[in-house]
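Going by the numbering used here, 125 is the number at position 135 of the sequence shown; the sequence numbering is gapless.
Think of the hints as simulated: they come from the structure by calculation, not from any bench. Note that the Cβ used here is the ideal one computed from N, Cα and C, for glycine as well. Keep in mind that the hints are not guaranteed to be accurate.
To be verified - Simulated restraints on C-beta separations:
(1) Arg79 / Gln335: 30 to 40 angstroms
(2) Ile336 / Ile418: 29 to 39 angstroms
(3) Gly390 / Gly124: 29 to 39 angstroms
(4) Ile10 / Ile411: 43 to 53 angstroms
Stated by the list, open to error - Lysine-lysine pairs mimicking DSS-like chemistry, simulated, CA-CA at most 27 angstroms apart:
(5) Lys300 / Lys434
(6) Lys300 / Lys229
(7) Lys8 / Lys(-5)
(8) Lys(-5) / Lys229
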Amino acid sequence: MKNNKYEIDMCNGSIMDKLISFSLPLMLSGVLQLMFNAVDIIVVGRFSGSQALAAVGSTTALINIFTNLFIGISLGANVLAARYYAVGRAKEMSETVHTSIALALVSGVIMAVVGVVFSKTTLALMGTPSDVIGQSTLYMRIYFLGMPFFMIYNYGAAILRAVGDTKRPLMFLVISGLVNVVLNMVLVIIFKLGVAGVAIGTVVSQLISCVLLLRCLYLSKESYQLRFSKLKIKAAYLKPIFQVGIPSGIQSTVINFSNVLLQSSVNSFGSTAMAGYTAANNILGFLYAAVNAVTQACMSFTSQNYGVRKFKRMDRVLRDCLVLTIGVSGVLGTGSYLIGTQIMQIYTQDPAVIACGLEIISITTIPYFLCGVMDLFPGALRGMGYSAAPMILSIIGTVGTRIFWIFVLFPQHRSLYFLFISYPGSWIFTIVMQAVCFWFVRRKMLAMAV
-9 MKNNKYEIDM CNGSIMDKLI SFSLPLMLSG VLQLMFNAVD IIVVGRFSGS
41 QALAAVGSTT ALINIFTNLF IGISLGANVL AARYYAVGRA KEMSETVHTS
91 IALALVSGVI MAVVGVVFSK TTLALMGTPS DVIGQSTLYM RIYFLGMPFF
141 MIYNYGAAIL RAVGDTKRPL MFLVISGLVN VVLNMVLVII FKLGVAGVAI
191 GTVVSQLISC VLLLRCLYLS KESYQLRFSK LKIKAAYLKP IFQVGIPSGI
241 QSTVINFSNV LLQSSVNSFG STAMAGYTAA NNILGFLYAA VNAVTQACMS
291 FTSQNYGVRK FKRMDRVLRD CLVLTIGVSG VLGTGSYLIG TQIMQIYTQD
341 PAVIACGLEI ISITTIPYFL CGVMDLFPGA LRGMGYSAAP MILSIIGTVG
391 TRIFWIFVLF PQHRSLYFLF ISYPGSWIFT IVMQAVCFWF VRRKMLAMAV
C-alpha cells in the first residue's frame, strides 16, 4: 500500500531497493543528529576547554538511561501502526496515532521533572569528578527541559516510519540541526555560555523539529492524520504498544545502565580519559546510527508483512537486512579505524585526549558489524510481536558480559583497551542466543500458519 510519494510499499515487489530507500534517509538522520551533537562537543571542547568537554560527555550514558525506556515504547507504536496500515484499518490507525502522541507528551513531561530533580544526585552516584559535576548538572537540567519536544518528535517519527516515510523526518532534522549549530556558535563563542549554551541550542532545535513533525501529521490526508482535539490515551491501544515497547525500552535502559558502569570505570582514569571517551563514543555513535537504521527497516518491513501474513517475505527481509548491515558497518567501521587519528583531531588538539580516544576505537570499530547483526534478530522478533524474549537475552548477553568484565576481569588488567574488549565479546555472545531464539520463534510461527 502506497498513497503518496513519501510512503513505501513494504509488502509487494523487490525488497533490497526498498530497504535502502527506507534506511538511507534514516541513516542520514542519525548521522546528521550525531554531527549536530558533535558540534556541541567540538564547540565546547575548543572554546570552553577539556573540562567542559568532559562535562557534556559524562552525561551521555545517564541521559540515555532516563530516556530510552520511553523511546523504546515508541517502537511499540511503530509496530502497531505498521500492522494497521498494512491491512487498511483506518480507524485503528488513527486511534493508534492519537494514543501515541498523547503518551509522548505525558512521558516527556515526566522525564523533564525527573531529569531536573535528580540530575546532580545521579551524577554524584556515578563518581563524576568534582571539577566536572557542576557543569554536567547544569547541562543535564537544561537538556531535560526539552524532553516533551524530544518525545513527541520521536513518537511522531515512529508513526511515519510505520508507513515507510523516513524522508520528511530527515528534512525536519536538517532544519532543526542547522538552527542548533548556529545557536551553539552564538551562545558559546560570542556569549561565552559554555555547556549552558549548547544545552539551550539543543532544546530550541528539539522544539523546532517537534513543531515541524506535528504540522506534518496535522496536514496529512491519510489515516495517520493528527487532530489535537482527539488526543487521548486509549487502553485498547496502549496494551499492545506496551507489550512490544516496554521490553524494548527496558532492554535499552538496562544496556545503558551497563554503559553507565563502564562510564564510571572510565571516570576512574580522570578527566582526560573522560574527554577521550566522549570523542570516541561519538564516533561509535555514527556507526550505531547506520546499523540502527537497518534494524528499524527490518522491524517495520517485518511488521507490515506479518500483518498481511507474508511469512516467506519476512525471511527475505531479514536476509537482505543482514547483508546490508554487514556491508555498511564493515565499510564504516574499517574506515573509522584507518583514519581514527584524523577524526579525533576534529574533536580536540590535546595529545593525551587523542591517545585515550584512539585506544578505545582501536578495539571497537572494525568488529562493529557484530553490533548490527546482534540488533537485527530482536528487530525481526519485535516486528512479529515478540519483544520479551529478545529483551531477556540481550540483558543476559550484553549487560551480563559487561558487568562480569567490569567487576571481575577489569580490576586485574586496568587499561582502556582491555575495558572496551567487553564490547565485541558481549556482541558475539548475544548474537548466538538471539539467533537461536529467532529460529525457535520462526519455527513455531510456521507451524501455526500450517
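Problem set entry | Broken hints, by number | 1, 4 and 8
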